[in-house]
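Residue numbers (the numbering used here), protein chains in the order written: chain A, 1 to 341; chain B, 1001 to 1417; chain C, 2001 to 2291.
Just so you know, these hints were derived from the structure itself, not from any lab.
Even for Gly, the Cβ is constructed at its ideal location relative to N, Cα and C.
Keep in mind that a hint or two might mislead.
[As the list claims (entries may be wrong)] Residues from chain B that face chain C, not an exhaustive set, calculated with beta carbons under 10 Å:
1. L1057
2. L1215
3. I1218
4. S1219
5. E1257
[Claimed, not checked] Below, computed lysine to aspartate or glutamate pairings styled on EDC-like, alpha-carbon distance capped at 20 Å:
6. B:K1279 x B:E1290
7. B:K1279 x C:D2215
8. B:K1279 x B:D1390
9. B:K1279 x C:E2095
10. B:K1279 x B:D1240
11. B:K1279 x B:D1319
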Amino acid sequence: MRSLFEGVPARAAWGLVCVIVLLYLAPLVFGGYVLSVLILCCYLAVLGQAWNVMMGFAGQLSLGHALYIGLGAYASGALFFHFGLGPWIGLIPAFIVAGAMGALIGWLGFRFGIRGVYFALLTIAFAEFVRILFDHWGWVGGSSGMFLPVQNRNIDMDAASIANAFWTLRGPNWVFYYVILTGMVACLVIVRLLMRTRVGYYWLAIREDQEAAQAMGINVLRYKLLAVVISAMMTAFGGVFYAFYNNTLYPESIFSIDRSIELLLGVIIGGIGTLFGPILGAFALTWLGEGLSITQEWFDIDGLKLLTYGVAMLAIILFRPAGLWPWLRRLLGMEERRPDA
Amino acid sequence: MTTDDKTLKPGGGIGRRQFTGAAIAGAATLPVLHPLRLVRAQAPVRVGVLLPRSGFLSAIGAACWRGAELAPNILSDMGLAVEVVGADTESNPDTGRTQAERLIREGVDMLVGCFDSGTTAAVAQVAEQNGMPFVINIAADPAITEQGYQYVFRNFPKAPTLVMRGLGSINNLFEVTGTTPRTTVFMHINDTFGTAMSRGIQALAPRVGVPYEFLDTISYDPQARDLSVEVSRARALNPDFLMVVTRLNDAILLVRECVRQRFDTMGIISPGSPGMYEKQFADTLGPYAEYATTSVPWFNPTSPITTELQSQFVAEFPDQTFELNPGFTFEALMICADAAQRAGSTNADDLVAALRATEIAEHPMYGGPIQFDEEGQNPNIDTVVVQIQDGNPVVTAPVDIATAEAVFPVPSWADRG
Amino acid sequence: MLPIEFYFDAAIKGLLTGSVYAMLAVGLSIIFGVMRVVNFAHGEMLVAGMFGAYLVFVTLGLDPILAIPIVALVMFLFGVVLQRGLIDRFITAPEHQQFLVLIGVALILTNGLDMIFGPDARNVQVPYAFASFEVGPFFLDNVRVYSAITALALIALLYLFFNHTLTGKAIRACADNNRGAQVVGLNVSRLYAITFGIGAACAGAAGCLLIMVIDVTPHLGADFTLLAFTIVIIGGLGSMTGALLGGLLIGVSEAMAGILIQPSLKSSFSFGLLILVLLLRPNGLLGKRSS
Chain A
1 MRSLFEGVPA RAAWGLVCVI VLLYLAPLVF GGYVLSVLIL CCYLAVLGQA WNVMMGFAGQ
61 LSLGHALYIG LGAYASGALF FHFGLGPWIG LIPAFIVAGA MGALIGWLGF RFGIRGVYFA
121 LLTIAFAEFV RILFDHWGWV GGSSGMFLPV QNRNIDMDAA SIANAFWTLR GPNWVFYYVI
181 LTGMVACLVI VRLLMRTRVG YYWLAIREDQ EAAQAMGINV LRYKLLAVVI SAMMTAFGGV
241 FYAFYNNTLY PESIFSIDRS IELLLGVIIG GIGTLFGPIL GAFALTWLGE GLSITQEWFD
301 IDGLKLLTYG VAMLAIILFR PAGLWPWLRR LLGMEERRPD A
Chain B
1001 MTTDDKTLKP GGGIGRRQFT GAAIAGAATL PVLHPLRLVR AQAPVRVGVL LPRSGFLSAI
1061 GAACWRGAEL APNILSDMGL AVEVVGADTE SNPDTGRTQA ERLIREGVDM LVGCFDSGTT
1121 AAVAQVAEQN GMPFVINIAA DPAITEQGYQ YVFRNFPKAP TLVMRGLGSI NNLFEVTGTT
1181 PRTTVFMHIN DTFGTAMSRG IQALAPRVGV PYEFLDTISY DPQARDLSVE VSRARALNPD
1241 FLMVVTRLND AILLVRECVR QRFDTMGIIS PGSPGMYEKQ FADTLGPYAE YATTSVPWFN
1301 PTSPITTELQ SQFVAEFPDQ TFELNPGFTF EALMICADAA QRAGSTNADD LVAALRATEI
1361 AEHPMYGGPI QFDEEGQNPN IDTVVVQIQD GNPVVTAPVD IATAEAVFPV PSWADRG
Chain C
2001 MLPIEFYFDA AIKGLLTGSV YAMLAVGLSI IFGVMRVVNF AHGEMLVAGM FGAYLVFVTL
2061 GLDPILAIPI VALVMFLFGV VLQRGLIDRF ITAPEHQQFL VLIGVALILT NGLDMIFGPD
2121 ARNVQVPYAF ASFEVGPFFL DNVRVYSAIT ALALIALLYL FFNHTLTGKA IRACADNNRG
2181 AQVVGLNVSR LYAITFGIGA ACAGAAGCLL IMVIDVTPHL GADFTLLAFT IVIIGGLGSM
2241 TGALLGGLLI GVSEAMAGIL IQPSLKSSFS FGLLILVLLL RPNGLLGKRS S
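Chain A with its partners taken away, still in its complex shape (with noise of 0.2 Å):
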């Protein structure tokens, strides 16, 4: 617990807790549509968080993150659709799948020197080359999709029940709430814990100088890899939860380039490198999406969403470069002692 607040002004720590108590307790007031807007910016926040890891810590610009939760999620899903194994279960062999891929990349990326957009470029190729082998996969439906059962839509409310739903994630929407709020929370105490020990020190002495950090004598190749890694297999867990959360998968969809630029640009919004960042990022995005749709269908112009999303964004980053975050913090007063992560 120490190192979780240490140097955290107690007042941004209350105001934490008091955030995320306040989460938790959203499914009391608020059903259908706020909860699913609420799903969707947890369960982008997990992805933004997970990026940030390899983008904002380890300083690898990746463009290809679908493909990790392509893999999640059709791993997960196909052992359920084949052999009714579970979601949790099924988060092992995606944790694998995931990772091996995520090393693979890597590894060939840091070996052969491959960097900047030429590494984007790297994920970019591998996640369509696997989106389209996906397309020809007859054991996963190929492009006419992979369809999990659905069933206990609604659930009784006792103990076993309840306890049931969260363990097969078949149930109503405040399962899946709190299932991917809790993993949001989960991501941010595991990223500000890895940030507090030496891994997280040689990243950010990676990020800001790779040859200085080479000649301190860290291991270059072994950190960075480290962290493709553990980005690959958070973004799994998204992909696990959006296998069972959606029940349909495409490849054409689920390893979209679309999304997995969708994914990161909460985290530049929100601000790149730092903790909350890509939490703030995802809701902000969300709720400017969903506020913008309902202004497009007021004026029935189609498109109209879109381009103002594209205008904002502009917006942001012409006049807080560096994030959302950054600035929202100075306003609060809630800086760290310590200027790192």
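Since the structure of chain A is already known, use the hints to place chains B and C on it.
The following block gives chains B and C in isolation, referenced to the frame of chain A:
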């Protein structure tokens, strides 16, 4: 916020398109006599219509929406009251899901949508979870109605049915025209719909008993920019006719390439896919679009509702063609309005009970009476054979509703331009 | 087994298509080579060019090939304004910020075009759209032959510009040594604006050629951005000859993949090729070896 600005209400339309629509409808239509014409219902049922109105499917979403825009007035002339609330899925299942939740929160009584199977599957789950009646306008993936859902109804054939009927009507076409090709090459787009159709054809062709042999199956990428190699591959096999499952853009690319390579066959026939009956296809290809043949669920040109719908459509959207997208969207709304009227309430369970008991004999799309089986699937939708003649899709089979005679084999490319 | 001429035929078709791809990729390559900015809105600019050619065709009845000067000029000005007004501030910013800016531009372009032209596919019907040359056992369609010739001519013109004009040489100097260029008194900011303008004009010209082959909808952009990106990386970022070679290579390899394996797998072929090139020659086939 209030929803008045974007909803389409019978009579009291506010939106800009709606205004002209009402004006034209008031000026130009004579009252339609119709078995469904009953006493005017008290409060209109509010139906949320989810369509991909932006994103990569936006053209089709827009086509479907035209059917929804016409629905309130035409249905109100039939004594059915419906209020349409639109929402955009952005061609993205995740957005479809939250938009469905939002519509439910805004108090709609039923949902209609969503054209693509991915989004439809996501919305079906939301509907089921919220106990919200959901009528699918278009989406062919069989799995959607095979999940044991209680609140989901589909007024569109599943892919295997589509294939079964499609192959059947093609056989029929050969019989009627007295020309039986012996070989074919099957070319299809490798997306969700194309793969489902391709599997269906492989499985069902032997069962239906087709007189021709498949020399090759060529699947191509949905993002294809160029089909020249695919077409030369088919051409090298010299098939009697070409069977295709396409979308719009690739259908145009494909036919253009056939012309350029002077690849003449007895004809190009689709067993049930979009593309070759769309206006853009005929406009772009001109004489080369002629005689392209599709077996597809279609509107019934002899139904008085279709006549009314078509005339209003032409008045409201003079540069568009009335085809199955607006047709099925309209029909889905008609099913909702009819169920609401029989239910006499907007309670979800009453609506579902009414939907289950649906029995509409007179409706715009071709097929038997609209009914739903225990899966919530309407088994009575039939397909017709549509052929482009003089730039318009005309029905050439079955004979009882045909408006033109089928041309097969078709003239060679060189004899057209 | 298909006859051997068949492969030959496919290869030629691939070369023709590849030339148009190269035209598109050259623009991306020039921008990156000089400014070190990856134009993630390149495909969207191509689509804007396609709509431009369509507009010129509908209003003036001009053949898209003849519309190239008009469309390219408009796109050049657009590129200059965009660079001056927006991108210039991000030249030295981290990659992810540049990325976000251009994604924003892409979103605005796509949806702006959607709002102006609507979602329906548009096309230009030239009189020779369905004609083809019969060469022995092959058919080469006029559209593709003409557009390939135009693309190659334009690339040659660009080559001359960069090697034989003062401005062109100055831009190359910026690319080779940015600081050095500043030291000798070149107006780098102005040269960057011209460069971005040229890149956008290339995308516009490629759009004019492409509209004759495929119909345009507002949402085509992203695929072409990726395509251009792939070609440029294979050929070598920043190298014009590399972009040409990459374009031809992708054109031919897609065509060959179309007959050797299932055509729907053919883009996996390009991505496989891309991964190989990245690993074995990270700077592309013709890219300069950097330290």
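List, from low to high, the hint numbers that the structure doesn't satisfy. 2, 9, 10
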